[in-house]
Each structure stands twice: as C-alpha cells, then as structure tokens.
Amino acid sequence: MKRRQGQPMITSFFKKPKAYNLDDAANVDKNFPNNSECNEQSNLSFKVNSGPKMNFRVEGIDEENPVTTTGFQEIVHPVWQANRFDIGNTNRNSLDDTTKKNVLSTKLLPKEKYKFPTEKSHNRNFQPKWITNDFTWLAYSASEDSVYCKPCWLFFHEGVGKGGYQNPGKLVSVGFRDWKKAKESFKKHMEKEYHKVCVLQATSFLKISTGKQLDIASQLDSQRTKEIAENRAAIEPIIRTIFFCAEQELPLRGDHDSGALSLTRPEKKDGKFRALLRFRIESGDKNLEKHVLNSSKNATYMSPIIQNEVIQTCSDIVTEKVIDRISNAECFSLLGDETMDVSGTEQLSLCIRYVDIPDLQAPVLREDFVGFIPINDQSSENLANVILQRCDELNLDMTKCVGQGYDGAANMAGHLSGVQTRIRENYPKARYIHCASHRLNLTLSNVMSVPAIRNCLRVVSQVVNLFRNHSNANKIFQETIQEHAPDSKKKRLLRLCDTRFIERHDSIIVF
Numbered sequence: 001m002k003r004r005q006g007q008p009m010i011t012s013f014f015k016k017p018k019a020y021n022l023d024d025a026a027n028v029d030k031n032f033p034n035n036s037e038c039n040e041q042s043n044l045s046f047k048v049n050s051g052p053k054m055n056f057r058v059e060g061i062d063e064e065n066p067v068t069t070t071g072f073q074e075i076v077h078p079v080w081q082a083n084r085f086d087i088g089n090t091n092r093n094s095l096d097d098t099t100k101k102n103v104l105s106t107k108l109l110p111k112e113k114y115k116f117p118t119e120k121s122h123n124r125n126f127q128p129k130w131i132t133n134d135f136t137w138l139a140y141s142a143s144e145d146s147v148y149c150k151p152c153w154l155f156f157h158e159g160v161g162k163g164g165y166q167n168p169g170k171l172v173s174v175g176f177r178d179w180k181k182a183k184e185s186f187k188k189h190m191e192k193e194y195h196k197v198c199v200l201q202a203t204s205f206l207k208i209s210t211g212k213q214l215d216i217a218s219q220l221d222s223q224r225t226k227e228i229a230e231n232r233a234a235i236e237p238i239i240r241t242i243f244f245c246a247e248q249e250l251p252l253r254g255d256h257d258s259g260a261l262s263l264t265r266p267e268k269k270d271g272k273f274r275a276l277l278r279f280r281i282e283s284g285d286k287n288l289e290k291h292v293l294n295s296s297k298n299a300t301y302m303s304p305i306i307q308n309e310v311i312q313t314c315s316d317i318v319t320e321k322v323i324d325r326i327s328n329a330e331c332f333s334l335l336g337d338e339t340m341d342v343s344g345t346e347q348l349s350l351c352i353r354y355v356d357i358p359d360l361q362a363p364v365l366r367e368d369f370v371g372f373i374p375i376n377d378q379s380s381e382n383l384a385n386v387i388l389q390r391c392d393e394l395n396l397d398m399t400k401c402v403g404q405g406y407d408g409a410a411n412m413a414g415h416l417s418g419v420q421t422r423i424r425e426n427y428p429k430a431r432y433i434h435c436a437s438h439r440l441n442l443t444l445s446n447v448m449s450v451p452a453i454r455n456c457l458r459v460v461s462q463v464v465n466l467f468r469n470h471s472n473a474n475k476i477f478q479e480t481i482q483e484h485a486p487d488s489k490k491k492r493l494l495r496l497c498d499t500r501f502i503e504r505h506d507s508i509i510v511f
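Under full-length UniProt numbering, the residue at position 291 of the sequence shown is numbered 291, and the numbers go up by one with no gaps.
If you are wondering where the hints come from, they were derived from the structure by calculation, not from laboratory data. Where hints are given, some of them may not hold.
Claimed, not checked - Capping the alpha-carbon separation at 25 Å, the derived lysine-lysine pairs in DSS-like fashion look like this:
(1) 321 to 297
(2) 297 to 286
(3) 101 to 181
(4) 196 to 183
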C-alpha cells in the first residue's frame, strides 16, 4: 500500500538514541548517563571517531572499575546524591516519595568543578548562584543545559489559561536556557498562579514527609472527628432538655414553637422546651449558644419533628433493653387492655409479665410496658392480629408465651372467637386468665347493691363535691384542718373515681 504523502512513519514516534563522539565529550559529567539509563542498558557504547580508550573519573565510582567509552559497570546509589540526579531526562511519574523529598530539599547542581557550557554567540552560561542564592526552587539539568522549576515539575498536572488548554512550557514541561533573560523570566514565573499553587503543594508535601503535618486523609479524618465532637456538644443540651421534660412530665410544645430560637423572651409563649433552652443559655451554656447563633434554619435540631425523633429513639432504646431481658426469661405472659385517650383515640396498652433473673441476684417478677397501639377496629380478629404483629415487631419468641391476661369483655375473653382464643389457636400454651384487677373491680362494683354501702358512697360524694365546688366552704374546711390537725399533709378531699370502682378507696381513706 502506498503511503499517503505527508503522513509520518511509525518509527518517527520513537526517540532516537543520541550518538556521542569525543568532540561532544568536553564535559564528562554532562554526557554521563543517569541512573534510569544505567538500569535500562547493560552496555552503553559511544560513537568514537578516533583516539585511544578514555577513562572518566566520576565521584562515587570505584577507581578500580572505571567507566570507559565502550562500557560501564551498573551503579547502585545507596544514598541520595544530588549531582547524580538529572531532572531533564527523568520521568517524574516514576519517582517515589523519598526521591521527591530529596529533589525538593536539595540543590540540584553538578559538582563544583563542573564547567557549564557557554553560548558561542553571546558567551553566556548558567550561573550556579541563581540556585544557591536567588532562586532556590530551580534545578539544573546537565544533559539539556537547562533549568526547571522543581515544584512545578513535580506537582503540575493540568494546563493553564482559560479552559486549562495552554501548556506552561519552559521551566515546567521543558527546560529553560535563555540565559540572557534568565532572571527576568524567573521572576515572572514566580508570579504565576500555578507556580504559587505548586509551591504550596511542595511545602505541604515536605511537611507531611517530615511528620510536621498530617496527610490529607488524616486531616480529613481529624476534621471529621472535630466536626462530630462539635455537633455532639451542640445537640447534647437539646437532648438533655427533652429528657428533663419527659422525666418531669412537662409538655414540650407551645403556641409558637417553630423557627429559630429567640434568645430573648418572646411575646407569645413558645413552650417549656424552648424556655428551658433559653434558660440554659442564660446560665452559661456556650455550646448551645454558639449552635443557636451559627446554625442554619434547617439544622437547629429543635423542631417538633426532631423532638419526636429523640423521644422515639429513647423509646426504642428502652424497649430494646426490656426485650433483651424478656428474651433471656424462660417464659412470659401477655397483658393487654384498651381504653380511649383524651383525644378520643382508642388505645391498646400492651405489657409483658416475666421473671427476670439478674446476674447472681434473686429472681424478680416484672411487668414491663412495651407500647401503646392505636385501634380503629375493636373486633377480636383485628385485636388479635395487632397483638401478634406487635410481638413480631419486638422479636418475641411466642413459643415461650404461657399466659394471657385481659378484661372480661367478649371481644377479649370470648371462648369461641375472642382474642385469647385466636392466639391460643397458634400458641396453645398461652393460657387465658381473667385479669385479677378487673375481677376485683367487678366484685366491688356489685356491693353497690347493698343499700348501706350505696348510701355511704353517695354521702361521701356529695360532701366532697360541696367542699371542692364552693370556695367559702373550702376556706372554712382549710381553717378547720389547720386548727384541729395542723400536722396533716392532706388538705383537700379527693373525688370518687368514675371509671374504676377500686380506685375509690383513696377517696375513702382521705375522707
């Protein structure tokens, strides 16, 4: 196939070996091969026109095995020698961190007796003082008779200019050898933005290599650890305030409890939770104050959503500990009862009764609450499914369930299709026992059929209502107690419980 005119041959892409002759060997160190060339070639031959075999004396080489024009021994440098390193014919991508450190921390110049080549037209040559005194970031290449910027040569990876498409050229990708304008060019190079960036990278690299600075991974990890500690210090007082409100049974919400927390008392109440946070800041909680002042609007961690999440997390932790104790028990029983809350929602409370045996301690009979379950359908089928689903969510082993305790309502205690029957169909050992407290309450309720007891309770109820509903009567009652029983801790009468007959005994005792 005829080659297209102007198309280069494939051999043109390969670097041609340089031919040396005696006329070019005026400076031995200039033509001496570097380490990479020595390792790649086992026999380097110089092209000699005439003359006898010549011996070159190089520092660090055994005099008994001199390097000749026809060959040389393989050289291994156990220590760094700056005058052996030639930046002009070295592949920077092949350097390890130790070599990079040596390149940056040493002056890359030939030996003191080295004779720098002179320009024939202007009689100028490289001045070593440029490296030793003025521009310490320069490195001289004897093979090219040029200089490079060490930081840029090592750390520059992208183009410059708009779009990053321009090659930085001299001092970076190629050597600089215009000695007439050398100092001016060096000063201009120092003002380049990419040079400043590379110098910063080189400085950081040296600090990291000498242990004066952490590497990027360690810095990121250290910064991340610091941020975690700061975030925890900021959110801890918020969580502790929620704990305090829960322990003291205080409501958290207010009429206006959204948005940023005001450090001054607002015109409208924003709830006890926010008031307590302001109190903490006024008392000197600097972490919370810093968080309130510097946090963004969507990261205050004080919203009702966050409050609910914290409460739910606490519930999950407590429930997990309870379930761990139940799982270690040999058996357990289910206790359940349903009632309507103040919002009108039917709630099923579920408890577990079991024997806890702490390490090296006496057994303890425990009844632990494991949650409220909203109920929309009060049928026995739905209630049984809800209870079993909740037990499954808690990872309870229902094969250990040996008892059920509910009230005597038909949907719970029915022997044909009640909740207890449906659960026993799947777990036969879960024997149903009518709740003793409910049975006692029903028994006591039946005593109302006795006229004397019925009349007595009616009189007690009327007397309690008299003193509680009339301020003058209550005042006389308080004065009488102060006069005849000043040490008494009871100052008011208690109303009779309307829903649970058994709870009326407290009112009778106080009366």
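Going through the hints against the structure:
The suggested pairing of residue 321 with residue 297 is violated, with an alpha-carbon distance near 35 Å, which exceeds 25 Å. Using a Cα cut-off of 25 Å, the hinted pair residue 297 and residue 286 holds, with the two alpha carbons roughly 19 Å apart. Among the hinted pairs, residue 101 with residue 181 is inconsistent with the structure: their alpha-carbon atoms are about 30 Å apart, more than 25 Å. Taking the CA atoms of residue 196 and residue 183, the gap is about 18 Å. The hint holds against a cut of 25 Å.
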